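The opening position of the sequence shown corresponds to residue 1 in our numbering, with each subsequent residue numbered one higher.
Possibly wrong hints are sitting among the right ones.
Under the rule of at most 25 Å between Cα atoms (straight-line distance), these lysine to aspartate or glutamate pairs were calculated in the DMTMM-like manner [unchecked claim]: (1) Lys-91 with Glu-171; (2) Lys-91 with Asp-119; (3) Lys-91 with Glu-146; (4) Lys-222 with Asp-155; (5) Lys-101 with Asp-51; (6) Lys-222 with Asp-163; (7) Lys-91 with Asp-51; (8) Lys-101 with Asp-59.
Restraint-style ranges between C-beta atoms, simulated for each label pair [said to hold, decoys possible]: (9) His-30 with Gln-77: 24 to 32 Å; (10) Ala-18 with Gly-173: 38 to 46 Å; (11) Gly-23 with Asn-117: 29 to 37 Å; (12) Ala-18 with Gly-152: 44 to 52 Å.
If you're looking for bench data, these hints aren't it; they were derived computationally from the structure. Since the model is a prediction, treat every value here as computed from it, not as a measurement. The beta carbon of each residue, even a glycine, is placed where N, CA and C say it ideally should be.
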Amino acid sequence: MSERRIATRLCVDAPLGAGQTVGLAPQQAHYLRTVLRLSTGADLALFNGRDGEWRARIDALGKGWASLAVIDQRRAQQPEPDVWLVFAPIKRARLDFLVEKACELGAARLLPVFTQNTDVSRVNCERLRANCREAAEQCERLSVPEVAEPTGLRDLLADWPADRHLLVAAESGHAPPVAEALARAREQAGGRAGVPASAAPWAVLVGPEGGFTEAELDALSKLPFVTAAGLGPRVLRADTAGIALLACWQAWLGDGDARPPFRG
1 MSERRIATRL CVDAPLGAGQ TVGLAPQQAH YLRTVLRLST GADLALFNGR
51 DGEWRARIDA LGKGWASLAV IDQRRAQQPE PDVWLVFAPI KRARLDFLVE
101 KACELGAARL LPVFTQNTDV SRVNCERLRA NCREAAEQCE RLSVPEVAEP
151 TGLRDLLADW PADRHLLVAA ESGHAPPVAE ALARAREQAG GRAGVPASAA
201 PWAVLVGPEG GFTEAELDAL SKLPFVTAAG LGPRVLRADT AGIALLACWQ
251 AWLGDGDARP PFRG
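Could you build all of it, start to finish, from the sequences and the hints given here?
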């Protein structure tokens, strides 16, 4: 497999394999030709979330179209930690930031959920999916997080998978520090860092800027799959809380002990 780092990465929908030809979407071709000013013969990396990462070469490039020749595999597809981010929608700029960082932190699925204190009433899921795609290309992960359609908190919990643990950022009420809660979970999962992706799946939940209501926190505390955790004495913005919770989960239960590809 090729190990030299390639700066330009694109996510494509087409299957990838040696000798295949891949046509790019018009916006991707525009990006290569007009923004990056690449030309025929340039190498780039392709991934699709299924076949790993492949080196490809620009065979032909025009206005709104491009044809790439797939050459060799750089990385095989690898299992990733199965962690979701469940979040109450917030204002656009902060939501875009949260989604980008959640992708960088390895979230497999993003689920917008309306709570009683949620101020935002609409979510542009297509924009969030585009943000995820771009973030995945930049951070060298091999998959793009799924973005679910928004739902209400009560409906989400009613259909929650029984085997998926839910770590809740509780800003009030009784909750152990997040490190303590995750250390206990790691001990139960085998007592080591870097629990394999085949371990029990998880999700993390953060509320809106106004926080969860007492009724919501009480309802969450009664669910057998919920673990409440505190994030310290300061009042965090919703996007900060989501990033912090994901980072802590990855450090204790995910792939926080791994190193970036092509960097030793």
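For each hint, the structure was consulted:
1. For the proposed pair Lys-91 and Glu-171, the alpha carbon gap of about 20 Å is at most 25 Å, so the pair holds.
2. Between Lys-91 and Asp-119 the alpha-carbon distance is near 9 Å, which keeps this suggested pair within the 25 Å criterion.
3. For the given pair, Lys-91 sits about 20 Å from Glu-146 by alpha-carbon distance, which is consistent with the 25 Å threshold.
4. A C-alpha spacing of about 16 Å is found between Lys-222 and Asp-155, which places the hinted pair at or below 25 Å, so the restraint holds.
5. With a C-alpha separation of about 24 Å, the suggested pairing of Lys-101 with Asp-51 holds against the 25 Å cut-off.
6. With a CA separation close to 16 Å, the supplied pair Lys-222 and Asp-163 stays within the 25 Å bound.
7. For the proposed pair Lys-91 and Asp-51, the alpha carbon gap of about 35 Å is over 25 Å, so the pair is violated.
8. Taking the CA atoms of Lys-101 and Asp-59, the gap is about 34 Å. The hint is violated against a cut of 25 Å.
9. For His-30 and Gln-77, the hinted distance range of 24 to 32 Å is satisfied, since their beta carbons lie about 28 Å from each other.
10. Our hint of 38 to 46 Å for Ala-18 and Gly-173 is violated, since their Cβ atoms are close to 56 Å apart.
11. Against the hinted window of 29 to 37 Å, the Cβ-Cβ separation of Gly-23 and Asn-117 comes to about 46 Å, which falls outside the hint.
12. Between Ala-18 and Gly-152, the C-beta spacing of about 47 Å keeps the proposed range 44 to 52 Å intact.
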